[in-house]
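Trainee: Same order as they appear, the protein sequences are chains A and B.
Per our numbering, the first sequence runs over residues 70 to 563.
Per our numbering, the second sequence runs over residues 70 to 563.
Calculated directly from the structure, the hints in this document are not laboratory data.
Result set (DSBU-like, lysine-lysine): computed pairs, CA atoms no more than 35 angstroms apart in a straight line: (1) B/Lys537 with B/Lys522; (2) B/Lys170 with A/Lys111; (3) B/Lys436 with B/Lys184; (4) B/Lys154 with B/Lys436; (5) A/Lys154 with A/Lys427; (6) A/Lys77 with B/Lys170; (7) A/Lys170 with B/Lys111; (8) B/Lys522 with B/Lys154; (9) A/Lys77 with B/Lys111; (10) A/Lys111 with B/Lys77; (11) B/Lys506 with B/Lys522; (12) B/Lys77 with A/Lys77; (13) B/Lys111 with A/Lys111; (14) A/Lys111 with B/Lys154; (15) B/Lys111 with A/Lys154; (16) A/Lys522 with B/Lys111; (17) B/Lys522 with A/Lys111; (18) A/Lys170 with B/Lys77.
Far from chain A, some chain B residues (derived; all Cβ distances over 12 angstroms): (19) Glu131; (20) Val181; (21) Tyr214; (22) Glu224; (23) Lys261; (24) Arg264; (25) Glu316; (26) Asp340; (27) Ile428; (28) Tyr453; (29) Val495; (30) Gln508; (31) Asp533; (32) Gly543; (33) Asp547.
For every residue, glycine included, the Cβ atom is placed at its ideal position computed from N, Cα and C.
Protein chains: 2
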Amino acid sequence: MAALDELKAYVREIAEISSAAALAAWDQRTHMPPGGAEARAKVAGKLERLAFERRVSDRMGELLAAAEREGASSEVDEALIRVWKRDHTRHRAIPPSLYQKFVETTTRAESVWEKAKAASDFGLFRPYLAEVVDLVREMARLIGYTDSPYDALVEEYEPGMTTSALRPLLGELRRELVAFLEELARGTPPDKLPRGRFPLDAQRALCRQALGWIGYDFQAGRLDDSVHPFTIGVGPGDVRVTNRYQESDPFSSLFGALHEGGHALYGQGVDPQLGWTGLSGGASFGIHESQSRFWENQIGRSRPFWQFAHPHLAHHFPTLASTDPDDVWRHVNRVRASFIRVEADEVTYNLHICLRFKIELDMIEGKLAVDELPARWNRAMEDYLGITPPDDAHGVLQDVHWSAGMIGYFPSYALGNLYAAQITAVAEREVPGFWDKVQTGDLLPIREWLREKVHRHGQVYLPDELVKRITGSGLSPDPFLRYVRAKYGEVYGL
Amino acid sequence: MAALDELKAYVREIAEISSAAALAAWDQRTHMPPGGAEARAKVAGKLERLAFERRVSDRMGELLAAAEREGASSEVDEALIRVWKRDHTRHRAIPPSLYQKFVETTTRAESVWEKAKAASDFGLFRPYLAEVVDLVREMARLIGYTDSPYDALVEEYEPGMTTSALRPLLGELRRELVAFLEELARGTPPDKLPRGRFPLDAQRALCRQALGWIGYDFQAGRLDDSVHPFTIGVGPGDVRVTNRYQESDPFSSLFGALHEGGHALYGQGVDPQLGWTGLSGGASFGIHESQSRFWENQIGRSRPFWQFAHPHLAHHFPTLASTDPDDVWRHVNRVRASFIRVEADEVTYNLHICLRFKIELDMIEGKLAVDELPARWNRAMEDYLGITPPDDAHGVLQDVHWSAGMIGYFPSYALGNLYAAQITAVAEREVPGFWDKVQTGDLLPIREWLREKVHRHGQVYLPDELVKRITGSGLSPDPFLRYVRAKYGEVYGL
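Chain A extracted, bound-state conformation (with noise of 0.2 angstroms):
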């Protein structure tokens, strides 16, 4: 066990360094004053490097290489050597002078990328961009793969997952999706609630309710305001949220708090074990989206839900009291192809991935040049949407990833949507009264069964192994696209 403890004392110190550089992240989102700016950029480069450093070390890989050695006698110390040599292996791949022309890169492009997306000029980004995929096709060389150098990128976010299991999931994601679009518009959509205006502070007394009834803990976590709304774990008892209000829409604050609680939950429900052990964080990205999408959309838009929830959406925003709790459920389920992804509905959503995956994997193959980014972006808008973006800045110029040069990451997200939708199928079998359960708002026992079959893993279980666990079977898109058949046929009346 001594080489074990070594390591453990080892990537301890990284966790600590890590929670310090979680806090500051989340006080400059959300707390610091503008003139703090310059200071926490310097601040948390210190500690990303300081962690960094040790993450690559020598001194890491001997440790490595010597609870290796000698063997771990527990699925923890298993996965504990796995997710360490697997970091340390794939940042040791990079020399410190290519990571650092990354970060410079990439911190230029994203500054870039948003006077281009304000401009909507897609040529001012375009140099930027280049230079952003030439390196990461560079890291993904170095990082080394099989079949494509893609799987290199998205094995970040997806460990297990390859670009030749990706290619058929989303091929048939999206086949069944668009024949599924062209039946809904033979149905009848849903009417709009009435127009007005929600007062924020209601909004976040809602948002705020909304999580006590997931079961977040306010003990062990807090809300606060910030422009984009994300979860973070400062450290072990201490998972914040944040969120965004806006007045002419009490919804999309109220699903904002539940998908944020979704990822918080995961946090707060990992084993206190794990704790700074490097194995507190998801399964996998889309493990992690999984759970905010399980709350968000298979809870959160589905009809059980508002007949619980409508007596207190009225009692905070009485001009909804005279709408009914179909109404509701109806208005937060319309379908309707849109540009923008994170504004996207839950059938079209995934559409936006499968363009980005095909898009970002032949620019990362090489047979997509940059150049030709926003042509092939907008037809695909057609051929997947039927819809052509007016401009630059509702087509191509939409995301943040790629100009941080987050390529591979857009497949985690339509995987949540489908893991979701397996979770919930053997949720609905193994929580007795499921559903009644969501309809009385009881919805405590739902999160003690996510707790028990998904968060106190932590990062124990590999995303498919942890899927096979909890489901007896693997990734599929099946119970996803039996699940909106069946509630978008519903709410449209097919």
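Assemble chain B onto chain A, guided by the hints.
Mentor: Structure of chain B alone, referenced to chain A:
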């Protein structure tokens, strides 16, 4: 310049880590959910260790030696070497095992002290305090001194200050103040203001406004609630204050805001050049305290200030609209012998310090056993203030400092009061129409004057040097004594 540049890069790293530690400390006392406490203690400990390792490292010793050989070519570089060498030498003198023991002992002692204070049971705290005193004496021996082991301690808070300088200074202060208290007893004490309930949100609004009056920059800081008010420099451009509020008393929070605001103006006014050098703190704890006391007492408790501030007070608290400015001025300048230092008025406050100085000096010099503390405390309270504490909670157990091993700190509070009076006396001459400006709320020129004379220099000058630069002469109790005699003579109609 090579050696100095290397030293600067090294201390910059320490400053960046310390910035992360400051943010962690701020968050812990303002926003952290209770569940995060255990993890935060570990993270704070890790950050402190990372900084400490560097402060005492062989590398630091080498860098300092090389920089000294190379020679400094500016006052700033000279101060940089002086400040870090002092830090390095003092901390190297303490073996890591002893320092570890000190941290553990004081952590335990502080938590026992809390219980002992709550139970007013000195016996509970006694053995822990004895251990702390033994450790601190041992540390003083290792750090080294010529005359008194207390010199080695007070140097931590007031560089250059000695026991032999403090003894006559605080002795004179005590004699003069005890005599002046007797005079005051023959005067007419001011009437009380109408009692009332002063809503916390109105207090918060007034405090925010008052911070604005004195020129606190909310773009480079923020105001939050906390159990004990404090100011913390998170980093360049980010100096935060906190405050607390009692419904029965609007003045406690207002003076708290002016006090913390005074500290914060120092931090906000440091020359940006000094950022990340370790020189952006105050010249000493006493000089820092002079800045808080300047705004709290010299300005905030002055007659002209209430000419200006009274309408604002009446606006926030309509029950006080029937008072006039002089009523408030008298009210906030009542003098009364009392048990608790932090609640003491300007005249009696320094007597609380004189008492603590004598007692801790005797403890450290081995002339007073911990067992005898309560009796000695109570006797001194009778001698200085003519009152006897009803119990140890209102006596020897009231302050946290000794439990935390902060012996040698108390004199800084008195020095702050003396420096504030010295600085005010110069400002009255140098800022045209000083009191007219106060009376019209035109306080920014006064902040500018302080910035020029005090703030911008950070730690570049030793306290004594700084005071000489400002006043033309060194530390003196005379301006303070003149000030209290003049003001309180007027308040009490002597």
